[in-house]
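These protein sequence lines are chains L and U, in that order.
Each residue of the first sequence is one higher than the one before, counting from 0 in numbering that gives the first Met the number 0.
Each residue of the second sequence is one higher than the one before, counting from 0 in numbering that gives the first Met the number 0.
A hint or two may mislead.
Among chain U residues calculated to face chain L with C-beta under 7 Å, some are [as the list claims (entries may be wrong)]:
hint, residue
1, Asp53
2, Ala56
3, Val57
4, Pro82
Sample of chain L residues facing chain U (criterion: CB under 10 Å; computed from the structure) [as the list claims (entries may be wrong)]:
hint, residue
5, Ser35
6, Met40
7, Leu50
8, Thr239
Here chain U is said to cover these stretches of chain L; the calculated rule only asks that three of the stretch's residues, wherever they fall, bring their Cβ under 8 Å from a Cβ of chain U [unchecked claim]:
hint, segment
9, 3–9
10, 133–146
11, 173–183
Rather than coming from a laboratory, the hints here were simulated on the basis of the structure.
Built from N, CA and C at the ideal position, the CB exists for glycine as well.
Given next are the chains, with one letter for each unit.
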Amino acid sequence: MKPAAFDYHAPRTLEETLDLLAAYGEDAKPLAGGQSLVPTMNFRLAQPQALVDLNGIDELFFIREGERGLHCGGMTRQRAVERSGLARKAAPLLHETMPHIAHAQIRNRGTIGGSLAHADPAAELPAVAVALDASMYVRSVTDARWLPARDFYVGLFATAMEPGELLVEVAFPRPRPRSGWAFEEVARQHGNYAMCGAAAVVELSEKGAIEKARLVFLSVGEGPVAADQAAAMLVGERPTATVLRAAAEEAATKEIDPVGDIHAGPAYRRHLARVIGERVLTRATARANEAALM
Amino acid sequence: MNQTIELFVNGIQYRRSVEPRLLLCDFLRYDLGLTGTHVGCEHGVCGACTVLLDREAVRSCLLFAVQTNGREIATVEGLGDGPQQMHALQHGFWEMHGLQCGYCTPGILMSLVPFLEENPDPSEEEIRELLSGNICRCTGYQKIVEAVQLGARLLWEESN
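Bound-form chain L, shown alone:
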């Protein structure tokens, strides 16, 4: 239960960091909050040759408004977002999700970029990033690019990033007028990995029909699962209870592929997806209605 030996680097600037990541390639791991990486190292499931510690790079810690909405530096602690009045206003879905991520003692260390880049299918942040159409700013020594969250996730614990690349910033678009959001998950104990969870965003037209919807699940596939058919069914419809339930039903029966484990089999996870899907769509719609009145 002790990590294998590794070279340790604690760069102070992003430039230095990218140089190190380029030099090591696949043999180095960036160390963000360490709340997922260090456990796997303690069990020796991961034995990187080198760790590049990002905790001393001041320029990666920030929460600010920018042209793409709420911008968070990759090293922004989850706890900092939870405590941020700006985040609550500018990215309320992100803010509402924070307390569901593990425990306060983990969020004190865990980072926005670390969780997004780790791409755990049971993690909350990837689902929220996809639901919000967030974009990821990825850099290497030679390249810098913005990637839509949807293209960032390519499989189980897999992202579109190449060795040598680092997720340095994430931007969450501001809520649109007449839109609402919701997040919910079911875990055996508060803070445990959820057996199923979902994030929803609903945008209404001036006449009160659904103009745009997003429903994204976690823990029921290889990554965040966007229920696009369910969302398409909703567009143009009046958001009645029957319509929302039918969309959740569609998502739960046709769009997810849950794998069972000791805590929850596939059938139970499907059941949860149906129930949680309906709840988040309902709450998001109620909030969109409130926003439309303002």
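Start from chain L and add chain U according to the hints.
Relative to the frame of chain L, chain U by itself:
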């Protein structure tokens, strides 16, 4: 390759040479002899090893000692000064039977210190949410909740 670190633990400055893979919990226990920090699951789930890093509760099994260079650590040893001079929270646990075997207690106490600083009068629900980050296999948590409630009251009385 070893690296030299300098840090404060419970207000005392230490300078040690450590291997980068040395976990903070093992550094505290083996290098500094501060065995009040307990090691349970070693993957961040049980909370027994919780300490304060710059006044925030963190898992010391998920930090490398080298990462604490120049930082301030607080462990359970820094709370009370023996049975005659317990910290208010420790008094709460003693009085309300908030422990049986005591293995999880140091981690719970260290989780509670910043929690009660931020929220001196927490509801039972807030207490239970905080405690979700620390596993106790003896008590069933009821006594721990009562201990926290008493500890919070004692802390409040001390500061007013």
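Hints and how they fare:
1. Asp53: The hint is violated - aspartate 53 of chain U has no Cβ within 7 Å of chain L, the shortest such distance being about 10 Å.
2. Ala56: holds (5 Å)
3. Val57: holds (5 Å)
4. Pro82: Proline 82 of chain U check fails; min Cβ-Cβ to chain L is 27 Å, beyond 7 Å.
5. Ser35: Hint on serine 35 of chain L: holds, closest Cβ of chain U at ~9 Å, below 10 Å.
6. Met40: This hint holds: methionine 40 of chain L lies near chain U, its Cβ roughly 8 Å from the closest one there, short of 10 Å.
7. Leu50: holds (7 Å)
8. Thr239: violated (33 Å)
9. 3–9: holds (count 6)
10. 133–146: With 0 residues in contact (Cβ-Cβ under 8 Å with chain U), the coverage given for the segment 133–146 of chain L is violated.
11. 173–183: violated (count 0)
Taken one by one, the earlier hints fail for this structure at numbers 1, 4, 8, 10 and 11, listed in ascending order.
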